[in-house]
Amino acid sequence: MPRNARTNALGLSRNDYRGGKSTLCPGCGHDSISNQIIRIAYELGLEQHNVIKMSGIGCSSKTPAYFLGRAHAFNAIHGRMPSVVTGATTVNNELVAMGVSGDGDTGSIGLGQYKHLLRRNVPMVYIIENNGVYGLTKGQFSATADEGQFLKYYGDNDLPSIDLALEAIVSNCTFVGRSFSGDPGQVQALLKASIAHKGTAVLDIVSPCVTFNNAPDSTKSYPYGREHEIPLHDIDLLAPDFVEEREEIMIEDYEAGQIIDVPMHDGTIVRLKKTDRDYDPRQRVQAIQLLEEARMDNLLLTGLLYYEEPRMTLAESENLSDRPLTQLPDNMLRPPREALDKLMQSMT
Amino acid sequence: MSIAEIQQDTEFLAEERESHVNDFAFMVATKNGSGSQTSNSVLVRSLFHMGIPVNGKNLFPSNIKGLPTWYTIRVSSEGYIARRDTTEIAIAMNELTAAEDIADLPEGGVVILPQEWKWGRTRDDIIWYEIPVKETIRQFKIPSARREQVGNMVYVGVVSWLFEIPLDQVHRALSDQFRGKAGPVNMNYEVIETAWEWARDNLVKQDPYRFAPMNLTEGKILITGNEAAALGAIFGGVTFASWYPITPSTSLIDALLGYRHLRKDPENEKDTVAVIQAEDEIAAIGMVVGAGWAGARALTSTSGPGISLMSEFAGLAYIAEIPVVIWDITRMGPSTGLPTRTSQGDILFTSFLGHGDSQQVVLLPRDPAECFEFGWKSFDLADSLQTPVFVLSDLDIGMNNWMSEPFEYPDRPINRGKTLDKIGLEEFFAEKGEWYRYRDYDRDGIAWRTLPGTDHPRAAYFTRGTGHNDKGEYSERSDDWVENMERLRRKFETARTLVPAPAIETSPELRIGIVSYGSNDPAVQEARDRLRADGVDTSYLRIRALPLKPEVITFIEQHERVYVVENNFDGQMTSLIRIDMPQDNSHVESLALGDGLPMTPRFVYESILNMEQGQNAQERTY
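Protein sequence lines, in the order shown, are assigned to chains L and U.
Residue numbering for the first sequence follows the numbering used here, starting at 378 and increasing by one per position.
Residue numbering for the second sequence follows the numbering used here, starting at 483 and increasing by one per position.
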């Protein structure tokens, strides 16, 4: 794609992918994520009419109003976005679902729906804008807050935190990423990869709350993230059309074993280039071990934490027709009169 | 004839016993999980095939195996299918309840019980038949796991001989029951035949009761309300169902799974009806709301506790205006309550389900035929009104087999309501120069919606439970909020014009009116006949939907006294009526039963007679 292009493959400008003006606090990590969504949607040439923006309740859940203004959106109820997406994507398999949730919406009230969504492998991108705190209700601890943390109005948090990426892995999610809203490049790469994934892709993104949880000692703060983020790899996205061309260029820079290519369902290749440590996200036990290490040492390890060949989506395992159920003609919605007559005859 | 002259006949039973042919009831007492349901269904089906109007009511415990359970079967040559609370014949197969079962029999009643109990004849005013259950079964090689179930076929054989059910009808019923599978049909039939022969050779018929073939079930069908509802949904174009298991609604989804082969995609033989078992009722309705929003015809089926969990989503669907269909197969609450007993106790809660100001549309089927009708109509209504539609059936309709007229094919094409596709949207813009999701262009309170996936740059809108203006934009302005609520009230008035009208039979006297709804209908009908025989003429209005139609108010205004018959403890419909007619309602009396069992004609008859006599006494005083 030319660098200074004013429009993308659909002839749309980046402005066409914007939404309304954000009402979140200036500097909120969530706004940065919204901007990355706008950017990658523009770059990928996403058709907005097929995108559904889904959310629950909370600061994070307000953000679908701030990006992709030409896409349908549903701001549902607290913690229950997964079920709404399950219904919508099951009846229309052409929809690209992008869900935005927070640590309260997913980790507390919605933990049950979150786990069952993953179990069903509902095709969607599930973004958790994780700041460890309740913002709209003014600063309560969330279930992902650091153990031993102190907050102004609520004192000490003596409870261990829930790792939503780990919960995803043990719930058989096939794509789990973690990132930091202060690392836009990585957020973009993971967003693009997750859209190419067939099934639920979870992105747990540390997204600092500048008002209630931004002290440097909080693992959910900007200062902490900027100083401590450890990317597990650099991520390149090779679009289906560019695979061969790009391959030649990239391979030269890296020795064998330093590159892991993960092919996505749509032909996209997610290329993971080694940084400091050897990490293969295709090993589930290794992924769990990694998160245990991160927990023990308070490390912000980011990148593609876990990936496996996706199993069937919910609609596939239910053996549903390939065409969207919402587009069936009337004669497929109502069996003919003879069918009823025959049934009635058999019951007399 | 004045009320004073009426001779009250509380000896309901005496009248019923005038005829001993095709006019009595019997009760089968067994242990839950023993397989007796199969035997009882075979008896009901045999009688149905003989052309005799019959009902079967399963009064069962919340238990998998072991607790006492009763099944009552009533035949009526006059065609009455209401439950009777007395029976002439007891088939006592549960030793734990036998003493009570026998004590409850009227004088001249009949008891059939196992010989091996050596019970002794504890009453001399009833007729005793002791039958060899164990001994009969011992003659057959039956796997021990099946022994108890097949053992229940012994009483089927004895009843067939004693009360004259032809064995070929029993065989046909067995074949229906086991869908023609030769193995189980033959095994059970051999037992029945052996028991029949034993009865012929060893029993002396001492009672006057018997069945005789009639032709009153010709053309009719025998089906449960839940099966009918599922079938209605199939013919109504359901494409998505989500649910969480709960008695007594589970069999509706089971039936949907059973019938969805009628809606295979002809191109690939795959399903076009998604049926998803959710992790709880919140998720079930959440999925249905998501599906309805995306353009599916979506339903969930539940019962009281599930309705409680669904209330937040019901409020969201109401304010975000999303079509969904919610079946409540009502059981007795509050809380776990009596989970295997029937009631009409959710009507008040459901009609306002959701916090804040929400009024829901509710359909009230009386029997399987209306379950079928509302099964498809509910989708048209939900799409037309863009709102949740609740269908309140109950355990009695849902799980018991009812004699029913065959179902009528939908008399109108599918109505998707005000939905704009790409072309529709272009035309809308061409005509109006704009389109806003919640703007009331037609002044009927119903706005035009688009579906996700509509390929038009201005098709999208933002769906939310938060305050919004008519453009669908977030708004906390009071005037936007009030304007939206006023439109929703207009929509509710439109709903009033669209919901099914009540069924009305008016007596020229216009003195006494009965108002009722749902599964009470057979009991009310029979009670009216008895009241009429006693010289008390009544009018009858059966409510079929909420909001209440103007006809309901007119009917109540027309009559001197109105009795609202319902099967809950608090008289909930009476409360709803009082809300809609706050003045001049002092002549509205609540007759609420609410004991967990299907409504009886006796309750309606005796209550009205007592009230009328009290009324009469009062009139004389003045």
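It is possible that part of the hints are untrue.
Only some residues are given here: those of chain U computed to face chain L with a beta carbon under 7 Å [stated by the list, open to error]: (1) F717; (2) V770; (3) A773; (4) G777; (5) P821; (6) R823; (7) P888; (8) P939; (9) T976; (10) L980; (11) P982; (12) P984; (13) I986; (14) D1062.
Derived from the structure by calculation, the hints contain no laboratory data.
Yeah, the Cβ is synthetic: ideal placement off N, Cα and C, and Gly gets one too.
Results of checking the hints against the structure:
Because the closest C-beta pair between U/F717 and chain L is about 6 Å apart, less than 7 Å, the hint holds. With 7 Å as the threshold, the beta carbon of U/V770 comes within range of chain L, its nearest partner Cβ sitting at about 6 Å, so the hint holds. Interface hint status for U/A773: upheld, as the beta-carbon distance to the closest one in chain L is roughly 4 Å, under 7 Å. About 4 Å separates the beta-carbon of U/G777 from the nearest beta-carbon of chain L, less than 7 Å, and the hint is met.
Because the beta carbon of U/P821 sits about 23 Å from the nearest beta carbon in chain L, more than 7 Å, this interface hint is broken. Evaluation of the U/R823 hint against chain L yields a violated restraint, the C-beta minimum of about 27 Å exceeding 7 Å. A cut of 7 Å between beta carbons decides the hint on U/P888: the least distance to chain L is about 4 Å, and the hint holds. Nearest Cβ of chain L to the Cβ of U/P939: about 6 Å, under the 7 Å cut. The hint holds.
Nearest Cβ of chain L to the Cβ of U/T976: about 24 Å, over the 7 Å cut. The hint is violated. Checking U/L980 against chain L by beta carbon gives a least distance of about 20 Å; that is not within 7 Å, so the hint is violated. A distance limit of 7 Å between C-beta atoms decides the matter here; for U/P982 the minimum to chain L is near 19 Å, and the interface restraint is violated. Of the supplied interface hints, the one on U/P984 is violated, with its beta-carbon coming no nearer than about 26 Å to a beta-carbon of chain L, more than 7 Å.
Using the Cβ-Cβ criterion of 7 Å, the hint placing U/I986 at the interface with chain L is not satisfied: the shortest such distance is roughly 28 Å. Contact between U/D1062 and chain L, as hinted, is not supported at the beta carbon level, the nearest pair being about 30 Å apart and thus beyond 7 Å.
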